[in-house]
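Asker: Whole structure, please, built from the sequences with the hints as guidance.
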Amino acid sequence: MNRRTFLLSSLTAAAAPALAGAQENPGVGVIFIGASWCSFCKSAAPVLAALTQPAGIPVLVASHDARPIPPFADVTDARTHPVAAQISEFPTTLIYSQAAGEITGQITGYRNARHYAQSVRAAVLAAAGRTG
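If you read the sequence shown in this note's numbering, its first letter stands for residue 8, the second for the next number, and so on.
Hints should not be assumed to be uniformly reliable.
[What the hints assert, rightly or not] Keeping only pairs whose Cα atoms sit at most 20 Å apart, straight-line, the calculated DMTMM-like set for lysine to aspartate or glutamate is:
1. Lys49 to Asp81
2. Lys49 to Asp84
3. Lys49 to Asp72
4. Lys49 to Glu96
[To be verified] Label-pair restraints from in silico Cβ distances:
5. Gly136 to Lys49: 27 to 35 Å
6. Gln93 to Ser46: 18 to 26 Å
7. Ser95 to Arg118: 27 to 35 Å
8. Asp72 to Gly108: 17 to 25 Å
9. Asp84 to Gly136: 27 to 35 Å
10. Ser43 to Arg137: 27 to 35 Å
11. Pro75 to Gly136: 14 to 22 Å
12. Gly116 to Gln60: 18 to 26 Å
13. Asn119 to Thr87: 28 to 36 Å
14. Val90 to Ser50: 32 to 40 Å
Honestly, the hints are just simulated from the structure, not real lab data.
From the three backbone atoms N, C-alpha and C, an ideal C-beta is built for every residue, glycine too.
Answerer: In structure tokens, the structure reads:
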């Protein structure tokens, strides 16, 4: 097991119970904006998938070159998306709260897996009206 795999599995194990609780109050979603050529997007996407998929949190991936950003195969062309078209810094992760009816969180950039996972977790929990 390499360091990256270990770190992802550790972060997922720590964040999964809290994020699963966020989906008890449905209406939280994530918009991930990037490009397939962006190295930071390629690093952030697997971390985002590891956090959101076990919790059942929907992720819309908007790619500025309309190509998949692994592990996400389904993408929307960001150039035609009403929100993503305005974003020019990659990656940008937006947290949407249905209860608030708006985007309640934004994470711009990617420092490392731990920092990104903690930022996403905090933003999702805040959008769900929880702390943690």
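Asker: All hints, please: hold or fail.
Answerer: Structure-based check of each hint:
The suggested pairing of Lys49 with Asp81 holds, with an alpha-carbon distance near 15 Å, which does not exceed 20 Å. Taking the CA atoms of Lys49 and Asp84, the gap is about 17 Å. The hint holds against a cut of 20 Å. The straight-line distance between the Cα atoms of Lys49 and Asp72 is roughly 14 Å, inside the 20 Å bound, and the hint therefore holds. Proposed proximity of Lys49 and Glu96 is supported: the alpha carbons are some 14 Å apart, at most 20 Å.
Distance hint check: the CB atoms of Gly136 and Lys49 are about 32 Å apart, consistent with the given range 27 to 35 Å. The supplied range of 18 to 26 Å is met by Gln93 and Ser46, whose beta-carbon atoms lie about 23 Å from each other. In this structure, Ser95 and Arg118 break the distance hint of 27 to 35 Å, their C-beta atoms being roughly 19 Å apart. Checking the proposed 17 to 25 Å range against Asp72 and Gly108 shows it is violated: the Cβ atoms sit about 30 Å from each other.
Checked against the given bound of 27 to 35 Å, the beta carbons of Asp84 and Gly136, roughly 32 Å apart, stay inside it. At about 33 Å, the CB distance of Ser43 to Arg137 agrees with the hint of 27 to 35 Å. For the pair Pro75 and Gly136, the beta carbons lie near 32 Å from each other, so the given range of 14 to 22 Å is not met. Against the hinted window of 18 to 26 Å, the Cβ-Cβ separation of Gly116 and Gln60 comes to about 22 Å, which satisfies the hint.
The hinted window of 28 to 36 Å between Asn119 and Thr87 holds, with their beta carbons roughly 32 Å apart. Against the hinted window of 32 to 40 Å, the Cβ-Cβ separation of Val90 and Ser50 comes to about 23 Å, which falls outside the hint.
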